[in-house]
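**Q** Going down the list, the protein sequences come from chains L and B.
Numbering-wise (our numbering), the first sequence opens with residue 1 and increments by one.
Numbering-wise (our numbering), the second sequence opens with residue 1 and increments by one.
These are computed hints drawn from the structure, not numbers from a lab.
Check the hints yourself; a few may be wrong.
As the list claims (entries may be wrong) - Pairs of lysine to any residue residues, derived as SDA-like cross-links and limited to a Cα-Cα distance of at most 20 Å, are as follows:
no., chain 1, residue 1, chain 2, residue 2
1, B, K255, L, T249
2, L, K239, L, Y227
3, L, K60, B, R262
4, L, K218, L, V191
5, B, K261, L, Y144
6, B, K261, L, Y227
7, B, K100, B, K154
8, B, K614, L, I81
9, L, K141, B, K465
10, L, K140, B, R262
11, B, K463, B, Y447
12, B, K614, L, F93
13, B, K465, B, D450
14, L, K218, L, G229
15, B, K154, B, F115
16, L, K75, L, H88
17, B, K101, B, K154
18, B, K614, L, L58
19, B, K614, B, Y694
20, B, K614, L, F30
21, B, K623, L, F84
22, L, K141, B, K623
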Amino acid sequence: MSLLEIHALKKVYSTRFGTNEVTALRNINFSVEEGEYVAVMGESGSGKTTLLNILAALDKPTGGTVLLNGKDMTKIPENDISSFRRDHLGFVFQDFNLLDTFTLEDNIYLPLVLAGMPHQKMHRRLEPIAKLLGITDLLKKYPYEVSGGQKQRAAVARALITSPDMILADEPTAALDSRSSEELLRLFSEVNNQGQTIIMVTHSTATASKAKRVLFIKDGEVYHQIYRGTDTNDQLYHKITQTLTVMMTGGDCR
Amino acid sequence: MSEKIYPKLAWSAIRKNGQLYVPYLLAGIVMVSVFYVLSFLTNSPIVRTLKGSSVLTVLLQFAADGVGLFSVPFLFYTNSTLLKRRKKELGLYNILGMNKKNIFHILLWETLMTFAICVGGGLFVGVFLSKFAELGLLNIMNEQINFRVYIDWKSAGISVIVFAFIYVLLLLNTVRHLHSNNPIELLHSESAGERPPKGNGLLALFSTALLAAGYYLSASAGDSQIAMNRVPTVMILVLIGTYLLFICVSVFICKALQMNKRYYYQTAHFVTVSSMSYRMKRNGASLASICILVSAILVLLSGSVTFYVGIKQTIEAHYPYDMGVIREIPNESLTEELTTASITKPLYENARNAVQEQGIQNFTEITVTRAGMIACMKNGALNLTVDTREVWNGISSFKYYNREEMPEGEEICFAHFISLEDYNKLCGTSEILNENEIMLGVFHTAYQADDIILPDGKSQPIKIKTETFPQIPGYSIENKSTNEESVGELWIIAPDLQDFLLNTMHIEDHAEENYFVYRFEYGMYLPDDYDRVDEICEKVRIALGLGEFDGGEIDFTVYTHPQKVDRAKGVAGGLLFVMIVLNLVFAFVTTLIMYYKQISEGYEDSQRFVIMRKIGMRTAEVKKSINSQMITVFGLPLLVAGLHIILNSNIIIRVLGMAIYVDGLMPYIVMAVGFVLFTMIYILVYLMTSKTYYKIVNAAAED
């Protein structure tokens, strides 16, 4: 059984009076094994954000199933969604979404505090993660006191600390300069090597080329996918570029 | 740019920012209308005809000035909230190619429009309110009413000028903000990185010390005079202390809570404590303002109600009879044969004859001969060696000897003398005294000797019959409550008053030094003719050879009970009315501050709660967290205000006691009822304003 299985996922948005319908996701099928590092690529409007929102349980699909560890996420009652999200998923956002009223440490603790974990236990969990991400010295600082890259690392720590089944990252490098991006992606790879499943949405080829597998979405369907295999980052980068070119000129890979 | 576009842009800005502009305009309208109403009443010819109008107009003028003055910081506060949101828009105009001059034109138009709406609306509302106010005032004072509505142009003119001045200040302030920022800063001013506050332990300690000092001064004020002198100091201490408390101590407490990891890292406390600590410094001032306003409302309310209720008892105490004649004669203008014969006989007989001439048969008369003096007590004994003229500049004057500086063991007191016969008559008792024996009633002081020190320093022994001293009906003000000057009192009851004064007190040796006076009182009850008492009183006045009634001379008073009650009710009613108006203004201001807080915090917090939802906070948890935070934040001012009232109740009651008869529990009950009532109103306002907050936060979450 795969960690995540998506079958015939469909999402149709309708305007308020139901007169106009927009199909964001037509028919998405794919699965993710435990320990995978998947990048989802696509143009604006291709449906990749919708897909991520459904995976994050922030949105409900119109049709199809999303199985996480064999459990259908779309069937979770509204009341349990928040705690499900808290217990099984970790999030890294484009704009960090750190709370400016909290220190970095407290920001990282937030999901655990919501889950009611005692402080001692939280602290034990934080130590190795903070060390891994290189933010041990920054923990007492407030978000406005640190750089964008440091904020994003804190956000990663917040995603990791609940030991989620998978991490969902939405354009995690979009607000970072290239050096911070490199650093962040290196950390993602390292976290992934330790067994953490990561699904990342991006439209940056450089970012996607660090993943182990790249999914391409066009017009609400999975258009193509590339496995890294033994390729280096550069080789994968080229393959992605080629695919994107074909996609843009309207060719059909399948 | 075309000149025509400015008013258009200004008007659209007002409309687009409706959520903030409406309360801002409302604030202006209310302040203008209240100001107009108060100055209208000050100038109102109807008010001028009321009894006690001289006191009332001064009070009203004072209230009007107060409202005018208060409008400045208040409108500045409401405007600053508006300004914070507007900066972004102005920055955008600037970037889109408007120079500062263009923007100034927009702001000028905006201010002009705001001014026109506020003053126009305020005067419109004010004209109607003023009629209601007049009716209300007349009603409270039991006066005739009419329903003619009219505009007082003088008050309207003053209102326009005062508020024009305030709005010019507001415009200048806005321009100042605009000039000190470049467009990019303006654009981002709303989302600029906010610094968390640093708790300042020293200041926190200082504020607590200020409050403690204020409370101590207030609680330790032993008599009304000292209380009165301390009021300004206590007010300043509590005021500054409160502001510092909310700004520093609260941050300090939050920091301490954050240090307590087991407490802080609990779902229920985590978000609340951190947001409070983060926000407290900036919002401390507004919370402190709410606290001060709430305290002021409670003090004014309990004070005026106590006064209104207490004044009646005070009148009963001072003027117990339906009609009375009081003649006071200093000793030096009396001859040896002063007693009843030469003075009282014609007095009483003339009065009685005048009443009988009116065909009134059923009346009861009471005659009382008393004497009184101001004297010094040393080591618990009456000491006549001190010339009180040196330490007391006259009765009813506040410029007398400062008793706080009196030598240790010395104090000023009033000594009253009354014959046993009159005492028994007044009290309905049948006390018996042996020759040379006296009864001594001691109030607010202690008599610890068995003698009197005469002017030459010799000791004159007295025999005190120690028994419970019953209240003298009609003189309870001197007995139970402290007198106007709040000094101790001695009541000496002698079997033969004249003999005691001359042979024991040797009064002729020190009458002038002690402001000694005889007081002859003739009181009448007219059970069948109470409604004619004013008319009868006039005849008595004429019979006694006095002129038209003009409030009475110092040493010769002819009064009727209804006159005194009316007069007092006039003053108390006017006072109550002014207090009610002031309280309404304060309550409104409090509501507006709360509303503004909710709006500005709603915008600030909405993004935060969106994030928390994404991370996995349930809607219910968000709501719970918001609730706990808001209840704490808005409960604090109420709590501290309650504390202020309780800990300062001593000084409040002492000051009230100077003017009126204060029944032991009454002010406390009024305060408690006032507090409960106000808490209910406060909760209502809180619920109403927090709806706005939820709306803002939810709107952001649903985007």
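**Q** Now tell me if each hint is right for this structure.
**A** Now the hints, each set against the structure:
For the hint pairing B/K255 with L/T249, the CA-to-CA distance comes to about 60 Å; that exceeds 20 Å, so the pair is violated. With a CA separation close to 10 Å, the supplied pair L/K239 and L/Y227 stays within the 20 Å bound. With a C-alpha separation of about 37 Å, the suggested pairing of L/K60 with B/R262 is violated against the 20 Å cut-off. A distance of roughly 29 Å separates the Cα atoms of L/K218 and L/V191; the hinted pair therefore is violated under the 20 Å criterion.
Between B/K261 and L/Y144 the CA atoms are separated by roughly 23 Å; this puts the pair beyond 20 Å, and the hint is violated. Distance hint between B/K261 and L/Y227 is unfulfilled; the C-alpha atoms sit about 46 Å from each other, more than 20 Å. Only pairs whose Cα atoms come within 20 Å are accepted, and B/K100 paired with B/K154 is rejected, the gap being roughly 38 Å. Annotation: proposed proximity of B/K614 to L/I81 holds, straight-line Cα distance about 11 Å (limit 20 Å).
Simply put, L/K141 and B/K465 have alpha-carbon atoms about 80 Å apart, too far for the 20 Å limit, and the pair is violated. Note on L/K140 and B/R262: the hinted pairing holds, with a Cα-Cα distance of about 18 Å set against a maximum of 20 Å. Proposed proximity of B/K463 and B/Y447 is supported: the alpha carbons are some 13 Å apart, at most 20 Å. At most 20 Å may separate the alpha-carbon atoms for a hinted pair to count; B/K614 and L/F93 meet this at roughly 10 Å.
Taking the CA atoms of B/K465 and B/D450, the gap is about 11 Å. The hint holds against a cut of 20 Å. The suggested pairing of L/K218 with L/G229 is violated, with an alpha-carbon distance near 23 Å, which exceeds 20 Å. Taken as a hint, the B/K154 and B/F115 pair is honoured in the structure, with Cα atoms around 19 Å apart against an allowance of 20 Å. A hinted pair counts as satisfied when its Cα atoms are at most 20 Å apart, and L/K75 with L/H88 qualifies at roughly 15 Å.
This hinted pair does not check out: B/K101 and B/K154 have alpha carbons roughly 36 Å apart, beyond 20 Å. Restraint check for B/K614 and L/L58: the C-alpha separation of about 8 Å stays at or below 20 Å, so the hint holds. A threshold of 20 Å between alpha carbons decides the hint, and for B/K614 with B/Y694 the separation of about 18 Å falls inside it, so the pair holds. For the hint pairing B/K614 with L/F30, the CA-to-CA distance comes to about 24 Å; that exceeds 20 Å, so the pair is violated.
The hinted pair formed by B/K623 and L/F84 meets the criterion: a straight-line CA distance of about 19 Å does not exceed 20 Å. For the proposed pair L/K141 and B/K623, the alpha carbon gap of about 28 Å is over 20 Å, so the pair is violated.
Hint check: violations occur at hints 1, 3, 4, 5, 6, 7, 9, 14, 17, 20, 22; the rest are consistent with the structure.
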